[in-house]
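Asker: Required output: the full structure, derived from the provided sequences and hints.
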Amino acid sequence: MKLNKPQIIDKIIKFFQKDGRIAKAWIFGSFARGDYNNYSDIDLMVKYNNPEKVSLFDFAEIAYLLEQKIKIKVDLVEEGYIKPFAWETAKNDIKLIYG
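1 is the number of the first residue of the sequence shown in our numbering; add one for each residue after it.
Do not take every clue at face value.
Distance condition first, Cα-Cα at most 20 Å in a straight line; then the derived DMTMM-like pairs of lysine to aspartate or glutamate [unchecked claim]:
1. Lys95 x Glu78
2. Lys95 x Asp58
3. Lys53 x Asp10
What follows is a set of in silico ranges between Cβ atoms, one per label pair, in the way DEER data are often shown [stated by the list, open to error]:
4. Asp35 x Lys71: 14 to 22 Å
5. Ala23 x Lys2: 24 to 32 Å
6. Phe85 x Lys14: 27 to 35 Å
7. Asp35 x Leu56: 18 to 26 Å
8. Lys24 x Glu88: 17 to 25 Å
9. Glu78 x Gln17: 16 to 24 Å
10. Trp87 x Phe59: 17 to 25 Å
11. Lys2 x Lys83: 28 to 36 Å
12. Lys47 x Pro84: 14 to 22 Å
13. Lys2 x Asn50: 31 to 39 Å
14. Asn92 x Glu61: 24 to 32 Å
Everything labelled a hint here was simulated from the structure, so no lab data went into it.
All C-beta atoms in this analysis are idealised placements derived from N, C-alpha and C, irrespective of residue type, glycine included.
Answerer: Here you go:
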C-alpha cells in the first residue's frame, strides 16, 4: 500500500522522535509543493542536536532508515550545506515538519 503525504510525514516525525539525533527537519522540493509523482524523491533538510557527534555514517544511516520506513528515496542535506543555486529554489517551498 502506498502511503499518502500526511502518513509519510507522520512516519518521518516518529522516526526523528525515536532516533534522537535530529533537532529540526524541513521538507522542500516537489514533495513540499505537492507536485510530486511516483518517481519523486523526498528532499529533507535537517539540523542535528549534536552536529559535532554526527558522522558521515550517521548521515547515511538516517537516510537509509528513512527510506526503509517510507519506501521512497530520501535526499538528505544538513542545514547550512545546501548549495546556493539549489537554495534559490528550495527557499520558496521549504516547510518545517519537525522541531
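Asker: Go ahead and decide if the range 28 to 36 Å is satisfied by the Cβ distance of Lys2 to Lys83.
Answerer: 31 Å, holds
Asker: So if I understand the rule, the pair passes when the alpha-carbon distance is 20 Å or less; does Lys95 with Asp58 pass?
Answerer: The given pair, whose Cα atoms are some 23 Å apart, is violated under the 20 Å limit.
Asker: Is the distance from the Cβ of Asp35 to the Cβ of Leu56 consistent with 18 to 26 Å?
Answerer: Because 31 Å falls outside the window, the suggested range is violated.
Asker: Regarding the pair Lys53 and Asp10, is the alpha-carbon distance no greater than 20 Å?
Answerer: Outside the cut-off at roughly 26 Å; violated.
Asker: Lying within 14 to 22 Å: is that true of the beta-carbon distance Lys47 to Pro84?
Answerer: 18 Å, holds
Asker: Go ahead and decide if the range 16 to 24 Å is satisfied by the Cβ distance of Glu78 to Gln17.
Answerer: Cβ of Glu78 to Cβ of Gln17: about 19 Å, so the range 16 to 24 Å holds.
Asker: At the C-beta level, are Trp87 and Phe59 separated by a distance inside 17 to 25 Å?
Answerer: Holds, at about 19 Å.
Asker: Given the hint of 27 to 35 Å, check if Phe85 and Lys14 actually sit that far apart at their C-beta atoms.
Answerer: 33 Å, holds
Asker: Within 14 to 22 Å: is that where the Cβ-Cβ distance between Asp35 and Lys71 falls?
Answerer: 20 Å, holds
Asker: CA of Lys95 to CA of Glu78, is that 20 Å or under?
Answerer: Judged against 20 Å, a Cα distance of about 15 Å means the pair holds.
Asker: Taking the Cβ atom of Lys24 and the Cβ atom of Glu88, is their distance within the range 17 to 25 Å?
Answerer: Holds, since Lys24 and Glu88 (Cβ atoms, about 21 Å apart) stay within the stated range.
Asker: The hint says 24 to 32 Å between Ala23 and Lys2; measuring C-beta to C-beta, is that right?
Answerer: 30 Å, holds
Going down the numbered hints, you'll see the structure goes against 2, 3, 7, while the others check out.
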